[in-house]
Amino acid sequence: MSEEPVDVLIIGAGAAGAAIAWSLAETHMRIVCLEQGGWMNPADYPTTRHGGEMEQFGAFALSPNARGRREDYPVNDDDSPIKISNFNAVGGSTILYAAHFPRMHPSDFRVKSLDGVAEDWPIDYQTLEPWYDLNARMMGVAGLAGDPAYPPKELPLPPVPLGKIGETLGEGFNRLGWHWWPSDSAIATRDYQGRAACINLGPCIMGCAQGAKGSTDVTYWPAAIREGVELRTHCRVREITVDAQGMATGAIYVGEDGTEHHQRAEIVIVACNGVGTPRLLLNSTSERFPDGLANSSGLVGRNLMFHPYAMVTGVFDESLDGYKGPTGCSIISQEFYETDPSRGFKRGYSFEMLRGMGPIATALWGMSSGRLPWGAEHHESYDKIWNRTAGMVIICEDLPDVNNRVTLDPELKDADGIPAPKIEYTLSDNSLRMLDHAVARGVEALEAAGAKETRSEAPLPPAGWHLMGTTRMGRDPASSVVDPHGRTHDVKNLFIVDGSVFVTSGGVNPTNTLQAIALYVADHMKKNLDSLFD
Amino acid sequence: MTEAPLTQKTFVALLDELIPARDDVLPGAGSLGIGSHIEAKLGEALPLVAAGLAALDAKAHERGVDDFVSLPVGLRASLVSEVGAEIPGFVDLLVYHAYGAYYQNPRVAVAIGLSGEPPYPRGYELEEGNLGLLDPVREREKLYREVS
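One line per chain: the protein sequences are Z and L, in this order.
Per our numbering, the first sequence starts with residue 1, numbered consecutively.
Per our numbering, the second sequence starts with residue 1001, numbered consecutively.
Hints were generated in silico from the structure; no laboratory data involved.
Derived CB-CB ranges, DEER-like:
1. Z:373 with L:1086: 16 to 26 angstroms
2. L:1145 with Z:264: 40 to 50 angstroms
3. Z:194 with L:1073: 52 to 62 angstroms
Since we're looking at a predicted model, the values are computed, not measured.
Glycine is no exception: its CB is placed at the ideal position from the N, C-alpha and C atoms.
Could you put together the complete structure from these sequences and hints?
See the structure below:
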């Protein structure tokens, strides 16, 4: 069934799709967004009921393979030590993310020039700065001005509370003379634009029942829909179609009714994340594009970057307040962010300090770490760890490697018969050395804060939640997939605006940056509509 | 095929061993009544757990009593460890489910200092904290590299 043509078709209603949809809405072009998931109901999130913590292993697990929802597609990540984490819904992975929302650094855009590895972006921090600012206002970002780790920036909301944990960890950093600062967080710390303020429920990564966390279903999408954008849910795109001249003509999707539809469009924008986007392009073959759409470079799916994560948890003698507050948003340390050759690796990492765990998570962590026996010693052991843990995840920059890639699995398919993605990924020597350094410094930081014992894990297997690099940006069509304005080199009316366009990964969460890129691309489109396909 | 239900008195006694009574505040996990919750979660592991419970009763019988519940309390833990070693996964699986079920019980939550209600809609108060602790950081030179 063929739909009436529209001006703009956006595929994916996550972080980037929402931002570009909202930005383009002011043009009054007819805009349709297709999203394979649906609207989430905050009343269904786990913090609304007893035992909700257990749902991180089931319906709210990070891995689509563990969840098995119809909206999910399976991922073959057997050949990767880091497993994919994502979510399909209006809001995409922002439904489950921790809303830790730092910007990249200026040096992240000039890695080749500064450090002799990877590549330089064709854009820079100054280019994105106004879009970071706009995104902060739209998402409701909380933070504190004056951080010496960044160029000056103003944020619309005050920082998330330090709490006892933040003070304890901060004092530890002060003893070491290391950098720390309240994390930039996409969390409404005050009532903001019709959203109620955060009430410190704890595990943001299972959805925010309060609506204070900045997921795009409660930030960009209501505004975009008011401006006339049509969002169709439970519509899974199978392929993007092209004509004989090599222009995109729309997309074929399986609708909520289970039948196939062809949505025609003048402009197609892909926003399906660093795994979903190359998957869609590789599945969109034609006589003109036998190796996948927009893939004359051979780079669609290649240069997959995660952030190799480590986790260090400390046990303290004193009672803390860790079950309260946004779990992943308290303070950040970027003491080891910029390259220092004496460390034995290039680039660096961030410490994203974590608050503690709820009662069930504490028990299960105790079980897995051997600190919580069953039997006569159980209660005494539990009392030593309950509300006495704090720690960090460490976000290590990942250098691009052409052999790290997303392809189509030859056998695995989703519920609509569309080939699933297959991940091939190997940790580099640079990453391994960086992880070793990071864990040692992380232990040092927690001990300085008063931790009596620590436990570390590196790399962290489920931490494939930052998906970057697989349709990277550049000026040269031989070494990139999209140009500096997000347009694919091969298809003049096809754009990509998600983490797949990243050239380097930085050592921070990518959502703020990929949204800034989406806004930047949208702005360029609006200013150049009459020459967009030149 | 309908699975045979677990031998309840043995199951309850086992859970009481895994998580015993907490002082005079709480009974053991089994006596607290979380057994049915766990049983509903076992799914395909039900036969494994049933076999483990049967083994506990059988070994208790070898020791001269009718069943596991009849064994003196002080002798039960070692028997659980013994059966756990002989039936891989039996004890670990139940420990995992017992911990999950026990620590979501409202009585347990109150005993460890929580309200016993789900976090939403009341939420929690959290201290803003002393931002003056950042003064040493504010005094530092710029940490990021400028790029021309």
